[in-house]
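Top to bottom, those sequences are chains F and C. Quick note: the first sequence, position 64, residue 64 per UniProt numbering, numbers continuous. Quick note: the second sequence, position 23, residue 23 per UniProt numbering, numbers continuous.
Be a bit skeptical, because a hint or two may be false.
[Claimed, not checked] What follows is a list of derived Cβ distance ranges for each label pair:
{"hint": "1", "chain 1": "F", "residue 1": "30", "chain 2": "C", "residue 2": "278", "range": "54 to 60 angstroms"}
{"hint": "2", "chain 1": "C", "residue 1": "30", "chain 2": "F", "residue 2": "34", "range": "56 to 62 angstroms"}
{"hint": "3", "chain 1": "C", "residue 1": "549", "chain 2": "F", "residue 2": "135", "range": "35 to 41 angstroms"}
{"hint": "4", "chain 1": "C", "residue 1": "47", "chain 2": "F", "residue 2": "45", "range": "46 to 52 angstroms"}
{"hint": "5", "chain 1": "F", "residue 1": "49", "chain 2": "C", "residue 2": "477", "range": "55 to 61 angstroms"}
{"hint": "6", "chain 1": "C", "residue 1": "438", "chain 2": "F", "residue 2": "113", "range": "35 to 41 angstroms"}
{"hint": "7", "chain 1": "C", "residue 1": "292", "chain 2": "F", "residue 2": "13", "range": "30 to 36 angstroms"}
{"hint": "8", "chain 1": "C", "residue 1": "438", "chain 2": "F", "residue 2": "135", "range": "39 to 45 angstroms"}
{"hint": "9", "chain 1": "F", "residue 1": "13", "chain 2": "C", "residue 2": "6", "range": "49 to 55 angstroms"}
{"hint": "10", "chain 1": "C", "residue 1": "270", "chain 2": "F", "residue 2": "49", "range": "52 to 58 angstroms"}
{"hint": "11", "chain 1": "C", "residue 1": "7", "chain 2": "F", "residue 2": "8", "range": "43 to 49 angstroms"}
{"hint": "12", "chain 1": "C", "residue 1": "4", "chain 2": "F", "residue 2": "29", "range": "36 to 42 angstroms"}
[Said to hold, decoys possible] Calculated from the model, a selection of chain C residues having no Cβ within reach of chain F, i.e. all distances over 12 angstroms:
{"hint": "13", "residue": "157"}
{"hint": "14", "residue": "159"}
{"hint": "15", "residue": "288"}
{"hint": "16", "residue": "497"}
Don't read these hints as lab results, they were simulated from the structure. A virtual CB, placed ideally from N, CA and C, is assigned to each residue, including glycine.
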Amino acid sequence: MPKVISPDGSIRQDNWVVVPRPAEGESLDIPADQPALIPADLWLAGHEHFTGRADIGVWFDSHDEPEILDGRVNELPVIAVNFPKFSDGRGYSIGRLLRERFGYVNELRAIGDVLLDQLQFMKRCGFDAYVLRPDKDITKAQKCLNFFSQGYQAATDTDIPLFRRRAS
Amino acid sequence: MYVYDEHDRQLAAERVAQFRDQTERALAGELAEDEFLPLRLQNGLYIQRLAPMLRICVPYGMLRSNQLRRLARITRDYDKGYAHFTTRQNVQLNWPALEDVPDILAELAEVEMHANQTSGNCIRNTTTDQFSGVQADEITDPRPYCEIIRQWSTFHPEFAFLPRKFKVAVNASEHTDRAAIQVHDIGLQMVRNEAGELGFRVHVGGGLGRTPMVGPVIRQFLPELDLLTYLEAVLRVYNRYGRRDNKFKARIKILVKALTPEGFAEKVEAEWQHIKDSPTRLTREAIERTQSYFTEPDYAALDNATDLLATQRFEHRGFDQWLTHNVDSHKKPGYAIVNLTLKKTGTPPGDVTDQQLEQIADLADEYSFGEIRVTHHQNVVLADVRQDQLLELWHAITPMGFATANLNTLTDVICCPGGDFCALANAKSIPVAEAIQRKFDNLDYLYDLGNIDLNISGCMNACGHHHVGNIGVLGVDKKGDEFYQISLGGSSHHDASIGKILGPSFARDEMPEVISKIIDVYVDKRTEEETFLDTYRRVGIDPFKERVYA
Chain F
1 MPKVISPDGS IRQDNWVVVP RPAEGESLDI PADQPALIPA DLWLAGHEHF TGRADIGVWF
61 DSHDEPEILD GRVNELPVIA VNFPKFSDGR GYSIGRLLRE RFGYVNELRA IGDVLLDQLQ
121 FMKRCGFDAY VLRPDKDITK AQKCLNFFSQ GYQAATDTDI PLFRRRAS
Chain C
1 MYVYDEHDRQ LAAERVAQFR DQTERALAGE LAEDEFLPLR LQNGLYIQRL APMLRICVPY
61 GMLRSNQLRR LARITRDYDK GYAHFTTRQN VQLNWPALED VPDILAELAE VEMHANQTSG
121 NCIRNTTTDQ FSGVQADEIT DPRPYCEIIR QWSTFHPEFA FLPRKFKVAV NASEHTDRAA
181 IQVHDIGLQM VRNEAGELGF RVHVGGGLGR TPMVGPVIRQ FLPELDLLTY LEAVLRVYNR
241 YGRRDNKFKA RIKILVKALT PEGFAEKVEA EWQHIKDSPT RLTREAIERT QSYFTEPDYA
301 ALDNATDLLA TQRFEHRGFD QWLTHNVDSH KKPGYAIVNL TLKKTGTPPG DVTDQQLEQI
361 ADLADEYSFG EIRVTHHQNV VLADVRQDQL LELWHAITPM GFATANLNTL TDVICCPGGD
421 FCALANAKSI PVAEAIQRKF DNLDYLYDLG NIDLNISGCM NACGHHHVGN IGVLGVDKKG
481 DEFYQISLGG SSHHDASIGK ILGPSFARDE MPEVISKIID VYVDKRTEEE TFLDTYRRVG
541 IDPFKERVYA
C-alpha cells in the first residue's frame, strides 16, 4: 500500500494501485476492491464505463501526451505521472500542462523513480502527491520539499515570477 | 555589474545548504552514485581523471576584483594554487576534495558567486560578447538580458532534467559575433526591426560535439518583452520531444533537424501561443531594473590620447605591437579595451595561478573600475582603461605574463584541458598547443599571417571548439594511441561554418610541421588583404591536402 507524501511533507497511506498497460491481446485487469490508476488512453477509449467513478484514475508515462485528455481531466479524481527514471524530465512538463493548460484541479501524483531531491521540482510543477521510491528515507521528504523558499520563475505554484514580485 | 538583492542572497544560501545536505547523503551512502551524479553536476562538480573538478559559474563572463581575490584564496586553501578559465567564460578548479565542495560553495556565495548549472542536463551559463557595454557598434548592452535569462533558468523546476545540456548565447554587436551564437542550442542576436523596436533574431539547434551544426533561424524577430515566454516554449518542446534514447542524439540540434527548422518553429509557435501573455512575459520595469545594474562606470571626460600614444609607440616597439594587437577601441573617447592574454608559451591556455588572479584583481582596481571579463577564447579583458594609462599598464603586465601580443593570431589557441586532466579526453591537447606555439614564436611572422583561429579539442565533445576553428585540431584515439585530426575552414563568427576534415590523422610530434605546411599553402595562395579563412574559402581544401599529404 503506497505511502503518499503531501506537499507539506506529511505522510498518509492509501490503496491506489497502478494497473500496468496490458500486453497485446490481454485486457485491463482492474482490481475489484481497490481504487485503480489505468493507462490514460485506455480510460479515454472506455470512458463511458468509468465516468463518475471515484475509484478509477489514470496514469501517464513520460512519453505520453496529456493533450488526449484535454477537456476531460476533471472527470478524474487522480492523475498520476510516471517517472520511469528520475533523470527523465518530461513528467515536469506534463504536470504543468495538466495544471496550467488543461485546468486540472484534482490530485496529481508523481509515481515511479521518485527520489527526494526531485520533490521540490515536482511540487513546483503541480504535483501534490508523491510516492517515494520505497528504499528512500521518507522522513527527509519535508526538508527536501522545502530546500528553497521561493523560485525565480513562475511555475504552477506561483504565477508571479520574482521579477514581478521585485517590482511590487 | 549585477548585485544580489535579498532574494538572490537567500536563494544562494539555500543552494549551499541543499548541496551540503546532498553531499552528506552521498558520502553516507544514502544516494547512489548515479543519483548523486546529476545533483553534483548541477553544482559544477565532476569526478575527473585525477581528482574532482569544480566548474564555477561566471555569469556572462563578468567578475569583480573581490571575486577574483576570493577565487585566488580558494585555489590556495582548497586546491593547488591555480585555476583555469574555460571556453564557457567559467572558472575551473582541478583538484578540490569532494567533501570540501560545500565549504567552497559557501565561500563563493559570500562574494555572490556559485557553481549552479555549470554542468549537467540543464540550462548552462548564458554567455555573451566580452566587449558588451563598451563597444560602439552594439545594438544595446546584452548583459541585462543575460542576467534576466540567468535568473529565469536558475533552478527552473521544469527544465532541470533535460535530454542533454543546454547552452544559450547572446550577441548584440552588429558587425561581429564574439559569442559564437550560431553554435549554441539557442543563439540570440539582438536586432531592431523596421519600426526601431528592440528584439532578438532566434537561432536554435546549433552546436558542436559529435554532430556539429550551425543553428538555423527559427524566428526573425522576437520582441524583447517576449524573451522568456519564447525561451520557455522552445525548452518545453525540447524537453518533451528531444530524444532520450541515445545521448549522442539528444541535443536540440538533432530534434530541429528531424522536424526541419520550419517544423520545429511551428511547434514552438503553437506552444508559445498558450503562454506568451502569461505573467512570465517580461515587463518594461523588469528590464529597466536589470539594466540599472549595468550602467556606465564613472568615466572621466577625456579626449583620445592620439598624440601621446603615437609618441609612446615610437619609443617602445613592444608597446606598439601590444597596442596594435591586444588593445581594442572603446566607445568612450580617451578609453580603450585591454585584452590580457593567457597564452604565454609554456602555460596551458587559460591557466592562471592564485598570484596571477590577485594581480588581475589589483589591475582591475587600478585601471578598470574593479571589473574584468572572461572571454570564450580563454583570455581576460579589462574593459575600461584610460588611454593615457596604457603604457603604465603594459609595463605592469609584461612581467606578469599577460602581455603576449598574440591576440587573434595563430598562437592565441583555444585549447581544452584534454587528456592531462579530463576523463573524457581521447588525447592530450595542451602539449599540442605548446608545440605549435614554440614553432611559431616569431611575432612578426604571426602578424603577417593575420587573424587565424586555431582551436584544439582533446575529444569529440569539442570543448576546444575545434569545429569552428579556421584550423581545428581534434584528438582521436586509435587503439590506445593518441592521434590528431585536422579540419579547415571553421568559423564561429557571423559567417559561422563548420570546418571540413582534411584527411587521415597525425601523430602528436608531426603536428607543428603539419600546421606549418597548412600555413605555407595560405602564404602561397593568398592575395593581399585575404585572411586565412578567405583564402581557404576561395581555393578550397585540395591545395592544403596536396601539400600536407605530399
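Taking the hints in turn, this is what the structure says about them:
Judged by the Cβ atoms, the range 54 to 60 angstroms given for residue 30/F and residue 278/C is violated: they are separated by roughly 38 angstroms. Distance hint for residue 30/C and residue 34/F: a CB-CB separation of about 31 angstroms, inconsistent with the stated range 56 to 62 angstroms. Separation of residue 549/C from residue 135/F is about 58 angstroms and departs from the stated range, judged on CB atoms against 35 to 41 angstroms. The beta-carbon spacing between residue 47/C and residue 45/F, approximately 48 angstroms, falls within the hinted interval of 46 to 52 angstroms.
Look at residue 49/F against residue 477/C: about 60 angstroms separates their beta carbons, and that is inside 55 to 61 angstroms. For residue 438/C and residue 113/F, the hinted distance range of 35 to 41 angstroms is not satisfied, since their beta carbons lie about 52 angstroms from each other. Checked against the hint of 30 to 36 angstroms, the pair residue 292/C and residue 13/F fails, with Cβ atoms roughly 53 angstroms apart. Between residue 438/C and residue 135/F the beta carbons are some 56 angstroms apart, a value that contradicts the proposed interval 39 to 45 angstroms.
At about 40 angstroms, the CB distance of residue 13/F to residue 6/C disagrees with the hint of 49 to 55 angstroms. Between residue 270/C and residue 49/F the C-beta distance comes to about 33 angstroms, which lies outside the given range of 52 to 58 angstroms. A C-beta distance of roughly 23 angstroms is found between residue 7/C and residue 8/F, which places it outside the suggested range of 43 to 49 angstroms. At about 56 angstroms, the beta-carbon gap between residue 4/C and residue 29/F misses the expected band of 36 to 42 angstroms.
The non-interface label for residue 157/C is inconsistent with chain F: the shortest C-beta to C-beta separation is roughly 4 angstroms, within 12 angstroms. Annotated as non-interface, residue 159/C brings its C-beta within 12 angstroms of a C-beta of chain F; the closest such distance is 7 angstroms. Once the 12 angstroms rule is applied to beta carbons, residue 288/C is inconsistent with being away from chain F; the minimum gap is 10 angstroms. The claim that residue 497/C is not at the interface with chain F holds, since no C-beta of that chain comes within 12 angstroms of its own (minimum 33 angstroms).
Comparing the model with each numbered hint stated earlier shows that hints 1, 2, 3, 6, 7, 8, 9, 10, 11, 12, 13, 14, 15 do not hold.
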